[in-house]
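Use the sequences and the hints to build the structure in full.
2 protein chains.
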Amino acid sequence: MSSVKYVIGVDGGGTKTEAVAFDGDGEEWSRGVSGFGNLVVDPEQAAQNIEEAIDRCREPLKGLDCAYIYLGLAGIEGTPHRADLEQRLKERFRTRISLANDAMIAHAASLEGKDGILTISGTGSISWGVCRGRVAFTGGWGHLLGDEGSGYWIAIEAFRQMIREEEESRTRGPLSRALLRRLDIDRVHDIKTLIYESSKAEIAAVVPIVAEEADGGDPFSRSLLERAGRELAEQTVRLHRKLDFQRRVAIGLKGGVLLSVSPVREAFVQWVKESIPQADFVEQDVPSTKGAYFLAIQELQKHG
Amino acid sequence: MSSVKYVIGVDGGGTKTEAVAFDGDGEEWSRGVSGFGNLVVDPEQAAQNIEEAIDRCREPLKGLDCAYIYLGLAGIEGTPHRADLEQRLKERFRTRISLANDAMIAHAASLEGKDGILTISGTGSISWGVCRGRVAFTGGWGHLLGDEGSGYWIAIEAFRQMIREEEESRTRGPLSRALLRRLDIDRVHDIKTLIYESSKAEIAAVVPIVAEEADGGDPFSRSLLERAGRELAEQTVRLHRKLDFQRRVAIGLKGGVLLSVSPVREAFVQWVKESIPQADFVEQDVPSTKGAYFLAIQELQKHG
Numbered sequence: 001m002s003s004v005k006y007v008i009g010v011d012g013g014g015t016k017t018e019a020v021a022f023d024g025d026g027e028e029w030s031r032g033v034s035g036f037g038n039l040v041v042d043p044e045q046a047a048q049n050i051e052e053a054i055d056r057c058r059e060p061l062k063g064l065d066c067a068y069i070y071l072g073l074a075g076i077e078g079t080p081h082r083a084d085l086e087q088r089l090k091e092r093f094r095t096r097i098s099l100a101n102d103a104m105i106a107h108a109a110s111l112e113g114k115d116g117i118l119t120i121s122g123t124g125s126i127s128w129g130v131c132r133g134r135v136a137f138t139g140g141w142g143h144l145l146g147d148e149g150s151g152y153w154i155a156i157e158a159f160r161q162m163i164r165e166e167e168e169s170r171t172r173g174p175l176s177r178a179l180l181r182r183l184d185i186d187r188v189h190d191i192k193t194l195i196y197e198s199s200k201a202e203i204a205a206v207v208p209i210v211a212e213e214a215d216g217g218d219p220f221s222r223s224l225l226e227r228a229g230r231e232l233a234e235q236t237v238r239l240h241r242k243l244d245f246q247r248r249v250a251i252g253l254k255g256g257v258l259l260s261v262s263p264v265r266e267a268f269v270q271w272v273k274e275s276i277p278q279a280d281f282v283e284q285d286v287p288s289t290k291g292a293y294f295l296a297i298q299e300l301q302k303h304g
Numbered sequence: 001m002s003s004v005k006y007v008i009g010v011d012g013g014g015t016k017t018e019a020v021a022f023d024g025d026g027e028e029w030s031r032g033v034s035g036f037g038n039l040v041v042d043p044e045q046a047a048q049n050i051e052e053a054i055d056r057c058r059e060p061l062k063g064l065d066c067a068y069i070y071l072g073l074a075g076i077e078g079t080p081h082r083a084d085l086e087q088r089l090k091e092r093f094r095t096r097i098s099l100a101n102d103a104m105i106a107h108a109a110s111l112e113g114k115d116g117i118l119t120i121s122g123t124g125s126i127s128w129g130v131c132r133g134r135v136a137f138t139g140g141w142g143h144l145l146g147d148e149g150s151g152y153w154i155a156i157e158a159f160r161q162m163i164r165e166e167e168e169s170r171t172r173g174p175l176s177r178a179l180l181r182r183l184d185i186d187r188v189h190d191i192k193t194l195i196y197e198s199s200k201a202e203i204a205a206v207v208p209i210v211a212e213e214a215d216g217g218d219p220f221s222r223s224l225l226e227r228a229g230r231e232l233a234e235q236t237v238r239l240h241r242k243l244d245f246q247r248r249v250a251i252g253l254k255g256g257v258l259l260s261v262s263p264v265r266e267a268f269v270q271w272v273k274e275s276i277p278q279a280d281f282v283e284q285d286v287p288s289t290k291g292a293y294f295l296a297i298q299e300l301q302k303h304g
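Protein chains in written order, with the UniProt record's numbering: chain A, 1 to 304; chain B, 1 to 304.
Treat the hints with caution; some may be incorrect.
Identical copies go unnamed one by one, so any copy, or any two together, can satisfy a pair.
DSS-like mimics (lysine-lysine), calculated; alpha carbons at most 30 Å apart, straight line [what the hints assert, rightly or not]:
1. K273 with K114
2. K114 with K302
3. K90 with K5
Read the hints as simulated data drawn from the structure, not as lab findings.
So, in structure tokens, the structure goes:
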């Protein structure tokens, strides 16, 4: 790649889309931000937001040559709009374009484009693996089919415990008391309205309350977070079995639940080590656009 | 109640609202049907539909005196519109009005207004109990907080088994093969799109496939249906513990899953008997509007 060329990495999520231009050494040259880039939310508006982020990123770089645009978009799988979007972006920007899942570019960011597994637990959860060109995943089935170990899952399990206490006329535990107090709810029955009228992210936002109660010594909160870590570890090990890794394997951690909630992270690391003693854990939190950059460079090197 | 008086029972659900007028002996005099009566779907449209069903039911009874309108409405709990609706119906129909949950009138229909527990498993599940004026329930928390033993729950568990087989690179079991064939899906990944774009009722509609595979000898399908029956039994027993029943207790069964899927019903009866040997099972499928009639008559007798 000559010095006047650059590549753009795009990270399109449920609330915003970021496009970042990098030179051949991975230095950031410019950046554009716009609204959501998740095709499931609204495919036409997402496509417009993605174009807008790229336009804003390219504006300061007029006259220079964009060699590649690599996009990682939430909800790209299972939409019938993928091929249309690719065609539309190719015509609009007249350069080489690749579309991938948002987990794919997060993986490349964390593991610097190398082989290994990235396990993410934020509102949802997924394990994404790349091994000598083969790509596979476990989890990522969403809240209805079970994203065990995710923030949403932890929150729902906390509310289910509250329901069990209510139905079995047991004394309310410290976590239930903390949740009712912090959410300003009197009756357990009112959590039903709360859950069905809130977004998944809003529900997952109670995880810090669980973490506080665990820190404060509540055994149920602690064991719930450890269960989350173990679920994420098992998901990671299932993926490790599917892909034919060499002796050592890099395992990246990402997402607020896995990185910031210590009992989850500690249980995760312990249970992964049990099954994969050769694991090297990577906890660096690199923006996903940088992962798109690594993947763009790989494509340019592969295909010239 | 004099012979020129009648009462109306209303059953408002997610797709239709039925209003039936009964004379003092419980004989049906007339009937009106309209669209959904679930306040959660759209409170104003639901209110209009409810009024329309009652209007249609009253049309052939002009000149006669309506002594009571008893309504059982899905989603009446947790909506802020209950008081408004009651006021609106009182002004419009100028008679005594009671609003209750749809499970309450289903209970009264099955147990002829007497004490006992009704356990319902259709798309969702709930156990509703009445004991000497006290009303309580277990379950009914909906698909996100867990309506174990419901048709939706059985379907999701079937799809989760398919996911486990896929993630663990196991051979597909008979149920997974049947589901993929009958839903015309090639890749397990496509069930994600299917689940997130379908209604709960559409998802629960795969239960007959599970029942067929269980009949055909598939151990997983059979044990899944038995687990559903056991979950419903445990929910029923939790409610029995909450309410202070006398020696014998009537336990009604309702809903397609509990009444029509034999392994579910058999496991349910067996597990309930284990904890409540004095249970009398009631399997008659009486329309819920008749339950509203029983409750209206009780109100008239109580308050004159």
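Evaluation of the provided hints:
no.: 1; hint: K273 with K114; in the structure: within (20 Å within a copy, 59 Å between copies)
no.: 2; hint: K114 with K302; in the structure: within (14 Å within a copy, 76 Å between copies)
no.: 3; hint: K90 with K5; in the structure: within (17 Å within a copy, 74 Å between copies)
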